[in-house]
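Asks: Below are the chains, spelled out letter by letter.
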Amino acid sequence: MSSDVAAGAIAGPAPAERKKKMTIVVMSGDFDKLFGAFIIANGGAAMGMDVTMFFTFWGLRAIKKNVRTGKTLFGKMVGAMYGGDITKSNPSKFSFGGMGRWMFGKMMAANNVAKLIELRDMAVMLGVGLYPCQMSMDVMEIPHETFIDGVKDAVGVGFMLMEAEESSVQFFI
Amino acid sequence: MSSDVAAGAIAGPAPAERKKKMTIVVMSGDFDKLFGAFIIANGGAAMGMDVTMFFTFWGLRAIKKNVRTGKTLFGKMVGAMYGGDITKSNPSKFSFGGMGRWMFGKMMAANNVAKLIELRDMAVMLGVGLYPCQMSMDVMEIPHETFIDGVKDAVGVGFMLMEAEESSVQFFI
Amino acid sequence: MSSDVAAGAIAGPAPAERKKKMTIVVMSGDFDKLFGAFIIANGGAAMGMDVTMFFTFWGLRAIKKNVRTGKTLFGKMVGAMYGGDITKSNPSKFSFGGMGRWMFGKMMAANNVAKLIELRDMAVMLGVGLYPCQMSMDVMEIPHETFIDGVKDAVGVGFMLMEAEESSVQFFI
Numbered sequence: 001m002s003s004d005v006a007a008g009a010i011a012g013p014a015p016a017e018r019k020k021k022m023t024i025v026v027m028s029g030d031f032d033k034l035f036g037a038f039i040i041a042n043g044g045a046a047m048g049m050d051v052t053m054f055f056t057f058w059g060l061r062a063i064k065k066n067v068r069t070g071k072t073l074f075g076k077m078v079g080a081m082y083g084g085d086i087t088k089s090n091p092s093k094f095s096f097g098g099m100g101r102w103m104f105g106k107m108m109a110a111n112n113v114a115k116l117i118e119l120r121d122m123a124v125m126l127g128v129g130l131y132p133c134q135m136s137m138d139v140m141e142i143p144h145e146t147f148i149d150g151v152k153d154a155v156g157v158g159f160m161l162m163e164a165e166e167s168s169v170q171f172f173i
Numbered sequence: 001m002s003s004d005v006a007a008g009a010i011a012g013p014a015p016a017e018r019k020k021k022m023t024i025v026v027m028s029g030d031f032d033k034l035f036g037a038f039i040i041a042n043g044g045a046a047m048g049m050d051v052t053m054f055f056t057f058w059g060l061r062a063i064k065k066n067v068r069t070g071k072t073l074f075g076k077m078v079g080a081m082y083g084g085d086i087t088k089s090n091p092s093k094f095s096f097g098g099m100g101r102w103m104f105g106k107m108m109a110a111n112n113v114a115k116l117i118e119l120r121d122m123a124v125m126l127g128v129g130l131y132p133c134q135m136s137m138d139v140m141e142i143p144h145e146t147f148i149d150g151v152k153d154a155v156g157v158g159f160m161l162m163e164a165e166e167s168s169v170q171f172f173i
Numbered sequence: 001m002s003s004d005v006a007a008g009a010i011a012g013p014a015p016a017e018r019k020k021k022m023t024i025v026v027m028s029g030d031f032d033k034l035f036g037a038f039i040i041a042n043g044g045a046a047m048g049m050d051v052t053m054f055f056t057f058w059g060l061r062a063i064k065k066n067v068r069t070g071k072t073l074f075g076k077m078v079g080a081m082y083g084g085d086i087t088k089s090n091p092s093k094f095s096f097g098g099m100g101r102w103m104f105g106k107m108m109a110a111n112n113v114a115k116l117i118e119l120r121d122m123a124v125m126l127g128v129g130l131y132p133c134q135m136s137m138d139v140m141e142i143p144h145e146t147f148i149d150g151v152k153d154a155v156g157v158g159f160m161l162m163e164a165e166e167s168s169v170q171f172f173i
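Residue numbers (this note's numbering), protein chains in the order written: chain S, 1 to 173; chain V, 1 to 173; chain F, 1 to 173.
Hints in this document: simulated from the structure, not taken from any laboratory. Certain hints may be false.
Each pair may be met inside one copy or between any two copies, as identical chains are not told apart.
Distance condition first, Cα-Cα at most 30 Å in a straight line; then the derived DSSO-like pairs of lysine-lysine [what the hints assert, rightly or not]:
hint, residue 1, residue 2
1, K76, K21
2, K76, K106
3, K71, K106
4, K88, K65
5, K93, K115
6, K106, K19
7, K93, K20
8, K106, K21
9, K19, K93
10, K152, K76
11, K152, K115
12, K115, K21
13, K88, K20
14, K152, K65
15, K20, K106
16, K76, K93
17, K76, K65
18, K21, K71
So here's chain S without its partners, still in its complex pose (with noise of 0.2 Å):
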């Protein structure tokens, strides 16, 4: 498959065969959410799209480093509470029997599924557009220099409209 994928990216620039483009909006911080962002970011990637991800809200911190937030009070709050990197990310399911994150992790290993944290990585090297969303930066109190190596630089939901317009894929999760 990517070796079809591969030949068809050598064979055309012209306007119908150009290259495919996926925008994913990311607003949630959930576990299960942004696993199957990046798997869908990724795979994009590996067949040849040009992908970007726009982390909004809850979603910033899939690309934070495991730093301390906030100036204020109640970013402070934030960043006490919601803070930390995408490994501290819980499932959407909090009636799971609370054995959630630790369960899940357990058994993607025991099928050679990929970490979470080594998915994000995987996109940046597969160069996966990671753009974070500058209003929710301001809200919530999360500066740039907290982001991982490889985040661009933070724009605006026209960026991300923009992108959107150009794409034939876009999900919101």
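Given the structure of chain S, go ahead and fit chains V and F onto it with the hints provided.
Replies: Same frame as chain S, now just chains V and F:
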């Protein structure tokens, strides 16, 4: 509607000159999700896109006035428990210390970010099409007269899909 | 697969006459989200669209028979806690007084709205393609023989993305 679509197919402008279109299905009633939905919708409208929002299930409250709804016992219970208007929406993360709506409101105000209700009213002003889902209205016993001014006539999934098909951007929120 | 796609691109009907296509990624197992997913899928199929649903993670239960799953201890725990079939799905709002599934069932019946399981079976009848995600099946230890009749062979994210790329409408639910 279908006659307009047919007419457009015959007499409309060339594809490249056509106004860009976006369709957003809003099923969530969460503060953060609604915030994202209206920021995206208003951003699109400001960029000249033709934006359709289809409100269904929990999303209906976002376009409601602050009035009680419900005819049957169940309907009245829905009206009492999930009633009010967009100002009653809570963040999707309940575990967030309980401060949720109030704290984020403060943090957004500190960054000169518009309130959710202001973003909603701005959407009406910018000509974003706010459409309620007829089936959800029936099931939840929310009649059209309880919606704010500017909300369009109730429509079904067929209308939403025709809009989505013509849209270069679609999101399910 | 990609050779079929290439052949189709050369020999297929003109773009304007091509069948419209929709791809829905179903990660949620919530009653309300599944309800929306099947209403949209069936609506699209009824309008003549070619509809693909890609079930992953919590979404897998929607296409399962009411049988136990799991080989390992963890797998059996998943099977016990998140087992059963589509009739076990609960609304995404847990805070909704606990009545959830039962009450909405009553309200939907009162408005002659089809049950969720009926909508699912209708999707099979209408020719909607129901595809399970192989990686999720492996991790959650849900084998293909536990799915209902009509479910397609398991696929990966590459298949889903190729479908999505050809689709005029895509949703992540």
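Asks: Take the hints in turn and mark each one as holding or not.
Replies: Results of checking the hints against the structure:
1. K76 / K21: neither (37 Å within a copy, 40 Å between copies)
2. K76 / K106: between (32 Å within a copy, 14 Å between copies)
3. K71 / K106: between (37 Å within a copy, 14 Å between copies)
4. K88 / K65: Within one copy only: 11 Å inside, 34 Å across.
5. K93 / K115: both (19 Å within a copy, 24 Å between copies)
6. K106 / K19: Answer is neither; intra-copy 37 Å and inter-copy 43 Å both fail.
7. K93 / K20: neither (34 Å within a copy, 34 Å between copies)
8. K106 / K21: Classified as neither; 34 Å inside a copy, 37 Å across copies.
9. K19 / K93: Neither way: K19 and K93 sit 37 Å apart in one copy and 37 Å across, limit 30 Å.
10. K152 / K76: within (24 Å within a copy, 42 Å between copies)
11. K152 / K115: both (23 Å within a copy, 28 Å between copies)
12. K115 / K21: For K115 and K21, the Cα distance is within 30 Å only inside one copy (25 Å; across copies 33 Å).
13. K88 / K20: neither (33 Å within a copy, 39 Å between copies)
14. K152 / K65: within (14 Å within a copy, 41 Å between copies)
15. K20 / K106: So K20 and K106 fail the 30 Å test inside a copy (35 Å) and across (41 Å) alike.
16. K76 / K93: Both. Shortest intra-copy (26 Å) and inter-copy (17 Å) distances satisfy the 30 Å Cα cut-off.
17. K76 / K65: within (16 Å within a copy, 35 Å between copies)
18. K21 / K71: neither (37 Å within a copy, 39 Å between copies)
Hint compliance for this structure: hints 1, 6, 7, 8, 9, 13, 15, 18 are not met, and every other hint is.
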